[in-house]
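> Assemble the complex: chain G is given as a structure, and chain S must be docked to it using the hints.
Chains as they are written, first to last, in my numbering: chain G, 1 to 260; chain S, 261 to 383.
There could be a bad hint or two in this list.
[Claimed, not checked] For each label pair, taking beta carbons as the anchor points, the in silico distance ranges come out as:
1) G/Thr223 with S/Leu359: 45 to 55 Å
2) G/Ala178 with S/Leu359: 44 to 54 Å
3) G/Val21 with S/Val352: 21 to 31 Å
4) G/Ala23 with S/Gly263: 44 to 54 Å
5) G/Lys62 with S/Thr267: 29 to 39 Å
6) G/Lys62 with S/Leu359: 14 to 24 Å
Source of the hints: derived by calculation from the structure; they are not laboratory data.
All of these numbers come straight from a predicted model, not from anything done at the bench.
C-beta: ideal position from N, C-alpha, C; glycine also.
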Amino acid sequence: MRRLSENEFRIIRRFRRLYAVVAALVCLMMISLLFLTVSNLPIFGEESNPANNEVVERYLEKGLEETGAVNITAGIILDYRAFDTFGESTVLFLAVAAVWMLLKKEEKEIRVLMEETLTYAPKEDVIFRTVARFLTPCILLFGIYIILNGHLSPGGGFSGGAVMGSGLILYNLSNGTARTRRFLNEKVFTRVVMGALFFYALAKSYSFFTGGNHLESLIPLGTPGSIFSGGLILPLNIAVGLVVACTGYGIYALFARGGL
Amino acid sequence: MGGNFFTNYVEISAVVLFCIGFSTLLFHQNLLKKIIGFNIMDTAIYLFLAAKGYIADSDPAIIVDGILDAGRYVNPLPGALVLTGIVVSVSVTAFSLALVLRLYEKYGTMHMDEILYLSREDR
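With the rest of the complex left out, here is chain G:
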């Protein structure tokens, strides 16, 4: 091991001191600039604020008619800006792929870690297991409800998927990896995520075939407010929800033991 020389130490110490001063200056400048800007912004909560312009008016007045979704935000993210949401799901998939690349361990190591985690995971805790047995179905059901009602009420694929992912994590903690693997192993994980992403790409590529500006859905929009309405929004919400639930659980599993 090479020792740092006296001269190098002095340089590093000087750099540290300079860094602290410059960082403090940058922070102070940033704080004062931001406070100045915010105090000059229009008053909070006014209807005449510049953010509430004709774009929003258009979305609110024509959104229901054009997308069939009662929840205007769901209409925006899954119909007007559906490609953007496809990009988001791909980003999530890429994140789980990158974490997989960095943290994946051999099956032998995973089995050892599965045994080791038993010592600190609350799997043997009677209170936790009993509560989890009642809570897990409720959480999963609530997640499915949020996903299926994404176009009718607050929520959608992302929030419902996150709820379902946490339900899966709770199941994994209370029942152990061996039992989770019966329905969510590597093969199922890959197939569900890839299938959902592929379905999304296929469902939204009709804009390519019918001309870029064609926003009308090929599926009839149905009566606003009923569960089968909004054209493609419901299936797209389900696809996004599956991706989010799987990636949420997948990232947890990769961090906990280096594999699903």
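Same frame as chain G, but now just chain S:
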């Protein structure tokens, strides 16, 4: 200072949160704390965007009873933008945590300077 310092209290709290995150990012040498600061910054941005779309005394952007009057609902656009932000922030956090974990496995520390020295000694 402009005149709306005390009426824009939500934006002010967003700015305060942002500055907390920013200074955490700059002053801490621990990589885990840097990630935490980064996440606080993200949260501040979401709060700011949500505050920009808020209109006092109006409903969420979910059409009730077929009333299509734009003045009745809050701005639905920040919700859509914040959703994108949250997803990207979660992905970036997961990726950077994985990187930090690998660095910790190799060098046994999360301190940035120590990692720099140790990586230089490797060469």
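> Which hints from the list above does the structure break, by number from lowest to highest?
2, 4 and 6
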